[in-house]
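Asker: What follows is the residue order along each chain.
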Amino acid sequence: MVNFAWLDWFWLVAFILLMVFCGVLFYQLGKRSLADFFLAGRGLPWWLPAASVYATHSATDTPMWVSGVIYKYGLRGIWYTFFSAWCAISAFASTRIFRRSLAYTQAEWQTLRFSGLGAELLRGWIAGWQVFMNMFVLGWVGMAMGKLGHYLFNWPEWVGLVFFSSLCAIYVLAAGYWGVVMADFQQGIIAFSVIVIVSIWGIVAAGGPQQIIAKINSLGESWRLNPLAFSGWTTGDFPLAWFLTMMIIAIIGGFGMGTSIDWYPEAQRIQSARTVRDASYSIWAGSALIVIRNSLWAVAVLAFFSLYPHLQETAQYEMAWYRLGFEFLPVGLVGFFFAAIVAIHISTISTHLNLGASYATRDLYQHYFRPQASDKELVWVGRGATLILLLGSFLYGLMMKEITQWLIFALWIMTAGIWLPSILQVVWWRFNAWGYLTSWMANLGLSWLVVWVLPEFHLLPVLPDYLQFWIMMILGGMIYLPVTFLTKPEDMDRLVKYYVMSRPLGWWKPVREEAIKRGLLPGEEIRPAGGEL
Amino acid sequence: MKGIKTRWSPEEADLWTKEDYLTFVISPLIYFLLALGGIWCLLLRWYGWVVLGVSGLLIWLMIKIIDPKLKALSHDYEKKQKQFLEELEKIERWEN
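Chains as they are written, first to last, in this note's numbering: chain X, 3 to 535; chain H, -13 to 82.
Listed below are the simulated DSS-like cross-link pairs for lysine-lysine, each with C-alpha atoms no more than 25 Å apart in a straight line:
id	chain 1	residue 1	chain 2	residue 2
1	X	Lys378	H	Lys68
2	X	Lys499	H	Lys66
3	H	Lys66	X	Lys519
4	X	Lys499	H	Lys57
5	X	Lys33	H	Lys68
6	X	Lys499	H	Lys76
Read the hints as simulated data drawn from the structure, not as lab findings.
Chain H extracted, bound-state conformation (with noise of 0.2 Å):
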């Protein structure tokens, strides 16, 4: 997709950026569709259908702006949570 980076380093990862900024916009947008295309459909108007269409393509759409840069950040974090979590027990032990 162009304009949208999907090959993140973990360091970019860490940042936040517009695929973030664009995923604040489209995610509320999604329950907003699919609340209101899920009554349209049960009252069997034909623009639920439509509605809930959209909302279906928006979400494979945020998922492949967000889903690469989560992958990456997650997979970086992963490696230093033991020595985080470690930590969190000395703070918690009163030992920091």
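Isolated chain X (complex conformation) (with noise of 0.2 Å):
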């Protein structure tokens, strides 16, 4: 339980209010079109986009993540969080492809790069997958809050579910990605400060560094201060066949769309930006920050171990960085702290409130409902779907104590099988809508297999999470892969017409010579040197 004085509940509103006002302000320009609801216009500097990407994945939840893992695993646990690194990659690569393809969404991509039923069907089922995972990220987000709240104040958990999200949502219903955005960034730079501000007073707190290290070698604990300390190849808590497995995940997955959860978070913020270079510097510039970011958490937690270094509760050591904060700041401060807290929590709670509503505006009402719906129109409906995704989110929330462990789950099993086919729909031309939809129903049985029920009958072991994921992966393609063969290549007209618009990377040589043929692009004499990808 914390105390605040007059002060502390000054920054709290003071900060609360410039939020929302900053959201607001933005009511104009957000209600101009379904493209300015939904992607300010297409118009953002690179600045804008890229603070919104490091504002978005900065939750009430990572600090608590990567204090977990940092306690558990000491300063190798940073591994754990750079899986961002896929961003290393996209930038130059998907990044850039996706803009051009100027869709708004992820699921509509699919409608331009496949074709048919096929297409319709992945679009379909995406974006209901959008709707449904925004939801549930808005719910357990929200919750964090919650417990943050019965924590802090001993508030009833419902409280700093409703109370928190239900403000951020004033200004996302009246100006949608225009509030997003525009409040993403101030709280972007709240949320960084405070986050320097408090870690390094941890850190000072704890001694120093210089007493951190030492209180650590003095407990035999020495390993927690090498970021490399692996445990052999493929034996102990952190082998390096881990390590290499989420390298290999993180930068490799930079040439798809969809490898990794946040793609489509980010997917929005690349189709806002006003070039296809601002696309990419946002989304490489906010992941730096990220990184960056986890670096200044970990040493903090470092410096808590140091404090406490006998916790057994995960419970307990997830809150490090949070106690840090709110033990070692003083009077006045701790208010700073818990407004800070506040922006990261509704930087991310408004992000997910308008991108699930562009899925259910764009993707469902839109394009299988009212085809021909003004702008006006689909900027109300895309307020009807914030408000009902907001709802929505309090039901998943008071939810989530039961169904948390399903719902991890849940997430692994929609990621770990499809990482390679999200690849290969964006460099392999042949590849077509009915292998990446198979990809995805083969994903949903194998996971199920390979992680619960085969281990279950001692069929087989229950294996390290990096095993199962390269087991999924080459079960997945012995299904997803012959029916890429069976079925019929994507109609060519469609191929062509994406090809010369969105110029993907990759294996695209009988596309690319149907597009010359037909002189919608210019001949080999401009080519250089270098190959065919």
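Assembling the complex is the task here: the two chains are given apart, and the hints tell you how they should meet.
Answerer: Rendered as structure tokens:
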């Protein structure tokens, strides 16, 4: 329980007013068109979506998660947080391709890349899944705020969940993505400043770097200070094989679209950038900030470990970074800290409210129900969808305790087995909608089998997660690759149109040659040496 | 910079070239070094500053390599974007 002085309350109220005002201010711009309500008119300079990438991926539960892995694994736990590195390649590969497609959403992109019934099924599936996922993330993150409110002020958990998400909804409903991105900009600055202040404050409170190192060495835990302290090639709790798998998933994943769950919010930021160049730099810079932020958190949590080295319960040590702030900051700054936590929180909430609504509006309502709807009507549908997502997230949030384990599993099965197909759909012309759709379906069955069913009947040992990944990838490939080859390639007209517009990377030779034959691209003479890619 | 193309025609910039592949290598390396350099600097290890310095240099190098190309392809693409957007709306309204 934390006691607030009047100065603390002042910070909190002032920041909330500033954040909501900043968002609502853009009401006039947000209502102009569908492109304004969901993409800020596709006209943002790179630093605005970059701030939004950073702010969105700093959620209330992020410091808890980072605290958990660093406290448990020492500095090598930093690699658990390194999945954001998919943006390193994506910024200059899939970002460039996606920005040129001009698709509002990843679901829409499916119907530009693929054609026919398969493409429509994919679009409907991804749109429906994204509406569900955004509601789920809203409930999940909202509940983390509920728990924090309970920990700090003894509020019932629903208060933190409902109150802060509702505040955020004011400006998302009013100004759509304009409100989201403008509020994210100032929330990102507040959040980053406070992360720096609290982390350094915590390090100093633990006696400074030398003292922290000395204390950890005296505990006989010096391995915690080495970010590259592996427990063996395949043995122990931190094998090199896991690290290499993680690096491959993160870095090579940048060639694909949808290889990371974070692709979907990033896709919206990519399309909101004013040029291809702005899109690339926004994704790269936003993620670079995330990498730096994680390093700050990691050392702060190490400082916490040196102060409290014997915590056993995950629920206790997951609060490490928050405890540094609430236990060591002076009166007056605690309110500033909590205001920043609110900023961290609502920047994530606002993104997912608007993003989920974009799939519901553009991909479900407009595409399947009212293709001729006016912009004005679509903006109102977007607002309605935002409201439904908000209310749905309250329900999800309150159900979380019972279903968390199942939903974590759902997240895993939605990403592990579609990693390679999500790359193939970008880089290989012959990969078709049926292959991609099959990979999603196969993944649902395989993940149950590999993770739970077969180990339960002792037909397969319980495998480490990196091995599960490779097994699911191979088994999945044995299903979707034959399906791809047994079904027809995509319609060449669609492929040529897509190629000319997006200029994808990879194996596209037959499509490229067809585009040249049709006079849509210049011939071979302008090609520099260097092969087909 | 020798071997690195700095003037691009729009058609050339549309192709995937060695400048892109170099960026694919340098960019993740920068993230990796930023993560390690950030940690080591906060722990006041001297090599942390070296690693951060190297990552700064690599950022400069990456921008030097890829920025002229991104500028050229962006400029050309923006000219065509209006027409592409009109086509996209036609597809959305099932008119295409």
